[in-house]
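Go by the hints and put chain B onto chain A.
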Amino acid sequence: MKTLEGKVAVVTGGSSGIGLATAQRFVEEGAHVVITGRREKELKEAASLIKRNVTTVVGDVSRLDDLDRLYAVVKEKHGHIDILFANAGAGTIAPLAVATEAHFDQTFDVNVKGVFFTVQKALPLFKDGGSIILTSSVSNVLGVPGFSAYAASKAAVRNFARAWTLELKDRKIRVNAMSPGPIDTPALATTTGLTAEQAQQAAAQFTTQIPMGRRGMPEEIAAAVAFLASDQSSYVTGVDLAVDGGMAQV
Amino acid sequence: MTRLNGKTAVITGGATGIGLAAAKRFIEEGAFVFIFGRRQEALDAAVADLGPNTRAVKGSVSDEADLDRLYAAVKAERGTLDIVFANAGVGSQLKLGEITAKHIDETFDVNVKGTIFTVQKALPLMGNGGSIILTGSSAGTTGAPAFTAYSASKAAVRNLARTWAEDLKGTGIRVNVLTPGAVATELAATALGEEGLKAYGAMTALQRMGDPAELGAAAAFLASDDSSFMTASEVAVDGGLAQL
Chain A
1 MKTLEGKVAV VTGGSSGIGL ATAQRFVEEG AHVVITGRRE KELKEAASLI KRNVTTVVGD
61 VSRLDDLDRL YAVVKEKHGH IDILFANAGA GTIAPLAVAT EAHFDQTFDV NVKGVFFTVQ
121 KALPLFKDGG SIILTSSVSN VLGVPGFSAY AASKAAVRNF ARAWTLELKD RKIRVNAMSP
181 GPIDTPALAT TTGLTAEQAQ QAAAQFTTQI PMGRRGMPEE IAAAVAFLAS DQSSYVTGVD
241 LAVDGGMAQV
Chain B
1 MTRLNGKTAV ITGGATGIGL AAAKRFIEEG AFVFIFGRRQ EALDAAVADL GPNTRAVKGS
61 VSDEADLDRL YAAVKAERGT LDIVFANAGV GSQLKLGEIT AKHIDETFDV NVKGTIFTVQ
121 KALPLMGNGG SIILTGSSAG TTGAPAFTAY SASKAAVRNL ARTWAEDLKG TGIRVNVLTP
181 GAVATELAAT ALGEEGLKAY GAMTALQRMG DPAELGAAAA FLASDDSSFM TASEVAVDGG
241 LAQL
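Just so you know, the protein sequences line up as chains A and B, in that order. Counting in full-length UniProt numbering, the first sequence runs from 1 upward without gaps. Counting in full-length UniProt numbering, the second sequence runs from 1 upward without gaps.
Be aware that one or more of the hints could be misleading.
[Unchecked claim] For each label pair, taking beta carbons as the anchor points, the in silico distance ranges come out as:
1) A/Phe104 with B/Pro145: 53 to 63 angstroms
2) A/Glu5 with B/Ala101: 53 to 63 angstroms
3) A/Glu28 with B/Glu28: 18 to 28 angstroms
Please keep in mind that the hints were generated in silico from the structure rather than gathered at the bench. Owing to the predicted nature of the structure, the values given are computational and were not obtained by experimental measurement. Positions of the beta carbon are idealized from the N, C-alpha and C atoms, including for glycine.
So here's chain B without its partners, still in its complex pose:
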């Protein structure tokens, strides 16, 4: 399949997990992909894995100067940008009663503010036919114990797509949310532990965790013209977890 032939994509949080799986899939479908992440080691490993149609830029989505460097690199090498997968996110648990201001700030800086500036700063490079994909979470529509900050931040992300579909009216740029549930990623394993992850997977209708590659496939659908009449939509890739 070559649905993304000649397209240029940016994937934040692109060195591991869902971001890396999406990068693989985008490249398989013909795209040139810039991955953006905080850890040089992980970026190097990802580039080695992804091959020649990849560039890595080190930085944090919560730092505007880092984002400026990312898009300067895209502009210098490719000139324009077709696909933004604003996927970088963090999540850790603190029960109501134990929540700190720092915990809230850290979560919202990356998941909400980071997503907003990832997209805002990409716009000058984007045009008609562009596709923006935001990573939401099934936690954004369900109660998830001790995930006050994370769940609220992901509910915010889902709503960003609504407003932006209106703000982007007339530009030909679409914006949609990809909503994972129980996905076997490093972030999820760190937050829940291996046992917790298994139990989480068992709660889904498909009775298993999702593979990051399955999220990558759905991201490719949203990135491609196969979703050309979709904007402000949400694609839940959660094995039915939050759908029933």
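So here's chain A without its partners, still in its complex pose:
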């Protein structure tokens, strides 16, 4: 049984890591996906990995014009949306004492403002009874030195799920946050500003803090997101689903 047969899903941050793995899982489950990301080359490569039932739109979730273009494509191609995975996010290291205004703004522009308008602008196309999943982070309840802006922005995302559950209840649209723990994705080494050695150290340190004793794989997050996207979670709304190997749970 495929759980997302014929559904239309939009995935932001869809060109790598969790977003790409989730887009792949959605398509395996029978969905058509529209993926968006900032880098055209990576997005094209992602589409060729997904192989079928995939459309790409290059864009940045912190730019409202880009979101308008994204949804114009979705409207033209599919006419509606059943599932939205607002997953695009950014996090770079910057200790409180030296963090710049640009660092703060970039983090909140993508993670908070970006998610806010990704969802707002999807609503006119959203089918009643659909499912919205927001990527938060275990750091929404943990202190993470050097990543305070990131962690705070992810706490904001978790709370969006609460208010939007209520705002969208009459349309029977479910809204849930999903909080991954440390995942084995390229992002840690390529986008956080950590050196290769620091990234390796961080990964090793995470492992000691995770009851399961390892980092997660993007496919494992994708499986949990597929649960939240499908009717298997029809009575689940407003939650923060931690998929973290137990990291923030114990």
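Using the frame of chain A, we list chain B on its own:
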């Protein structure tokens, strides 16, 4: 979907309500299920409903000898065990001021002690890839008038998963909590009455009670490898009741 093909599961409180719905779902997904409950009549009816991939064992989770018989039956027929859904629970109302020692003992014997020994005695049959699911309650994180014992016992259950995730480190066995809210089960109807149940459902963001099958679906997610990076977690299946 055949995510649970060839797996063996035990479901306590498996003859009715959430347990029965989970048994149905597990079997649909390919599992062989032992249901455990106190009432022979209910067990017989459930087995008739569930078909050939089911066995019933009569007993109470608060009685260690009953649990020993359950796991002896599992071992004899299947050899090993993949999934334990420790779901048996009781709950009745007594306001602060009226609480008796007997009321506290009855509630904690089943919900806390019963859950602990259900899991402890299952471990010798379990191994890498195993999944343990505990039934919590939205009452475990909210105030619920006159549910002192029940609410406290379910808060305890949520915390068992935390400790056990640490105790089970290195075994490849995961443990998570499934947290129902307003679910249209016999237990809830007995505790609240039909009208009370409707009012309870109306309090949720989804403005309705949950169907036991919706809890069964979430239990199947936690039982399957789709939740392979989850341990010590809680999945609230409560229509948003305790989330906002």
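Here is how each hint holds up against the structure:
1. A/Phe104 with B/Pro145: 53 to 63 angstroms: violated (44 angstroms)
2. A/Glu5 with B/Ala101: 53 to 63 angstroms: holds (55 angstroms)
3. A/Glu28 with B/Glu28: 18 to 28 angstroms: Check passed, 20 angstroms falls within 18 to 28 angstroms.
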